[in-house]
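Chemist: Given chain D, work out where chain R should sit, using these hints.
One letter stands for each residue in the lines below.
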Amino acid sequence: MREIELTAVTVEFPGRVALRDLSVRLDQQRIAVIGANGSGKSTFARTLNGLVTPTSGEVRVHGVDAVRHARQLRRRVGFVFSNPDTQIIMPTVAEDVAFSLRGRGLSRAEIRERVADALARVGLTEYAEAPAHTLSGGQKQLLALCAVLIGEPSLVVADEPTAYLDAANSRRIARFLLDEMPQQLVLATHDLRLAARCEVALRFEDGRLVDHGDPGPVIARYERDQDQ
Amino acid sequence: MISLYRPGNSPLHRLPAGPKLLVVMAAALGISLTPPSPALLAGAAVAVTGAYLLAGLGAAEPARQAWRLRWLVLVVAVSQVFFLPALTVVANVVRVVVVILLANLITLTTPTGLLVDAIERALTPLRPLGVNPSRVALMLSMTITTIPVIAGFAAQIREAQRARGVPVAPLAFAVPLLIMTMKHADDLADALTARGID
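Heads up: the sequence lines are chains D and R, in that order. In terms of the UniProt record's numbering, the first sequence opens at residue 1 and continues consecutively. In terms of the UniProt record's numbering, the second sequence opens at residue 1 and continues consecutively.
The following block holds chain R by itself, in its conformation from the complex:
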């Protein structure tokens, strides 16, 4: 399920979405630009764990989130291990994991609506350049809404293939998924029109 928000009353839950986004962006930039050192990397990992504890999510939650990233970690590490010094590889892996955990922390402590509102407000200065913040916010919301729907289509197709004893075939999976997704996009367009959005 894409909606990861976990209701709570921690200081991080109470912090408005805008400042939270800015702090996370600054932290991500900081850890990405600072030269690698074991102390800095350990400090970043401890700080992220501390932030999860402050949010009342428990010390196990960052470990759980990091475990979900194991394949990404593997790809990042393997692609660099032959070309870069060990410390740099470890630093890059830790940077990626820390930045993703921080981003997850925002979605875990901020309702989607408030997050989208903050992004809409942040885009308002770009209006003279032809950016429509409401449309961008609507697009973001609909993307978030649609991801579980498409995941549901994928599950249906896999189930139908298993039920018919068909071996896993990428094309036989991708084509119906594409058709179902396009049909859903059509239906969603009708629903938007019916609710007054042209």
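This is chain D alone, in the form it adopts within the complex:
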């Protein structure tokens, strides 16, 4: 089951409504979320991991109620933030990846093995013992992805994961997310080329879902509206 279902979801913050009466059902493998700053796309992304609790409405991700079972949901839904620096919790690369396996009842040997496999997968093996903050921006974002994927989530939510990266690192992260990663992906992004590579695009405006469907036409209408 890989269905994401939001029913009449409203999210209010002091002084503003971030999402308004959103109902949508998604089961595509690659889902793009586009819209201007403050449109509600990050809030939408955060409700999927239980980081934001809806003021009203229901969020179900892969059959799990995001409000009542947020802790259980976070084991299934990995979240990648835009700023790689704010995702590093432990001092070294290997320790930061291993941190995601806390409380899973694994032995030290199992953790070491899984960390080594995960680092090899994203090409960071040689940096395992390096202080995490000495990595480049692209490497830090790969580390963040690695720390998410080692938990074997069924869904990865990435909130503008290329925003802080140069062109080469953006391509590297995009290739990993869109071509190599087997998990379902929700990608909130300003990069319309990345959105175009997804199977469906959602467009938010002022907290409302104003358009969704095949990315090509959704993006074309978004660009046309921006030009006006």
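Keep in mind that the hints were calculated from the coordinates and are not lab data. Wrong hints could be hidden among the right ones.
Coverage of chain D stretches by chain R, computed from C-beta distances (three or more under 8 Å per stretch; other residues unrestricted) [as the list claims (entries may be wrong)]:
hint	stretch
1	62-76
2	129-141
Covered by chain D, according to a simulated footprint, are these stretches of chain R (three or more residues, beta-carbon under 8 Å) [claimed, not checked]:
hint	stretch
3	110-120
4	139-147
5	179-189
In this text the structure is predicted, and so the values were computed from the model without any measurement. All C-beta atoms, glycine included, are put in the ideal place defined by N, C-alpha and C.
Modeler: Relative to the frame of chain D, chain R by itself:
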């Protein structure tokens, strides 16, 4: 960079973190409580240099570390020089330097993770008193991780001020640093939540 660990295979690198911490604590206590004498102080300095050599860090490393402490040495010495005999002042300065060099020796020869694990194990008996060793260990790790981040913020602010030709002003430095640090704390809290720590 706060992570000072230098990989190696010396006897000190191989010694587990727990006993290493205990030995250093005992040595620090010993040198602090023993009455000052020139022979004892010279012996302590030689022993510390020997420990650095044993760790394969070279004889220059303790000198480099001691040089970094010059301002602290100055403060300790100046604050006592008018009130205490010369030997006592020298003894106190040597004690402070030796204890810090020994502590540095631990961080230079022990990966941070093992150090934090040892502290977590040492705190386990305090669990009945309401201490959560895992939380304390996590807090220590995050502190170690965050220090270079905040140092980076400070560098960014200084650079931005220089770029705008603003003279050094403590308030204009402290306020943005505080705001950036608090924003980082918020983001870090989100990252912890996203990774299953509530």
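Chemist: Next step is simple, just say for each hint if it's right about the structure.
Modeler: Against the structure, the hints come out as follows:
Beta-carbon proximity to chain R at under 8 Å applies to 3 residues in the stretch 62-76 of chain D; the threshold of 3 is reached and the given coverage holds. With a threshold of 8 Å between beta carbons, the proposed coverage of the stretch 129-141 of chain D by chain R holds, since 5 of its residues qualify and at least three are required. Look at the stretch 110-120 of chain R against chain D: 3 of its residues bring a Cβ nearer than 8 Å to a Cβ of that chain, three or more, so the hint holds. Counting residues of the stretch 139-147 of chain R whose C-beta sits closer than 8 Å to any C-beta of chain D gives 4, which meets the bar of three, so the coverage hint holds.
With 3 residues having a Cβ less than 8 Å from any Cβ of chain D, the stretch 179-189 of chain R passes the three-residue criterion, so the hint holds.
Hint check: no violations occur; every hint is consistent with the structure.
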